[in-house]
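2 protein chains.
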Amino acid sequence: MNLFMQTAIALATENVRSGAGGPFGAVVVKDGAIIATAANAVTATNDPTAHAEILAVRKACQALNHYQLDGCEIYTSCEPCPMCLGAIYWARPTVVYYANTRAEAAEAGFDDSFIYEQVPLAPHQRELRMIHLPHDEALDSFLKWRASQSRISY
Amino acid sequence: MNLFMQTAIALATENVRSGAGGPFGAVVVKDGAIIATAANAVTATNDPTAHAEILAVRKACQALNHYQLDGCEIYTSCEPCPMCLGAIYWARPTVVYYANTRAEAAEAGFDDSFIYEQVPLAPHQRELRMIHLPHDEALDSFLKWRASQSRISY
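Line order of the protein sequences matches chains A and B. All letters in the first sequence, in the order written, are residues 22 to 175 by this note's numbering. All letters in the second sequence, in the order written, are residues 22 to 175 by this note's numbering.
Some clues are possibly wrong.
No copy labels: a pair is met if it fits in one copy or bridges any two.
[As the list claims (entries may be wrong)] Pairs of lysine to aspartate or glutamate, EDC-like flavour, derived with a Cα cap of 20 angstroms: (1) 51 x 138; (2) 165 x 138; (3) 80 x 91; (4) 80 x 52; (5) 165 x 94; (6) 165 x 128; (7) 165 x 125; (8) 165 x 132; (9) 165 x 35; (10) 80 x 148; (11) 51 x 94; (12) 80 x 161; (13) 80 x 94; (14) 80 x 157; (15) 51 x 35; (16) 51 x 91; (17) 165 x 91; (18) 51 x 132.
If you're looking for bench data, these hints aren't it; they were derived computationally from the structure. If you're wondering where the values come from, they're calculated on a predicted model, not measured in any experiment.
With the sequences and hints as input, model every part of the structure.
What follows is the structure, given as structure tokens:
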């Protein structure tokens, strides 16, 4: 097995054994070396965003001192959920390798598949109640952004 | 205008004025009171996950000492991107109010719409390169999770 994937899976397995959290691990690799590793820490840290991939992306960005993962590879023990997939798009690594699938995660009791079904729906069609309150002042913040000389696009 | 939405929009506008980051703000409300606020901090903190909603969800969970936002409302100056929407599904608040839309965000130069188009695609069809490497050891971590007496489901 690929060494990096082996590391991601070992993090997932150890996380269950230790009782620290869900069976998920992730590794970020650059130039053939691991620059960040993480396991799921949702319940351990009371942070619903503390999935392995989110934590690994954040750590890797701190290591690189940049908000993007240029030239990086992500190895994760499970297909990223929509939250983590979105984070990975924003971080812009080169490739993502994953082992378990969202269907297998659903069988293990996780909401990944459900959230994948919800994301493409129009906001008013989702099970999550979402209400659009348009405001000129909100649009104005976008106009100010476009006009800003000091903005750093990301 | 709703006071909570006004606060979220003010955070977005101030973030541009100060040069701290993108034009996005979010507020979490419980029992009629604000329990967390945040503005986008991606470039300020070198963290691609530091969107206003992610930061507000994390702060609110710390305030509640729980990994879910039971009975909470989220007010955000812009429709959540797929990453933030996923985070909100995991956090399970009651309702989300948003002002600007993903289309307006796209016009302002952000990838929200693009990521919304990518998420529903099969992994191999996405512009992001994703490679499935199934492994028995990864599936075994799910079996161990299901069998664990100490697991805390989330």
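*Structure versus earlier hints, numbers of those that do not hold, lowest first*: Hints 1, 2, 5, 10, 12, 14, 15, 17, 18 contradicted; others consistent.
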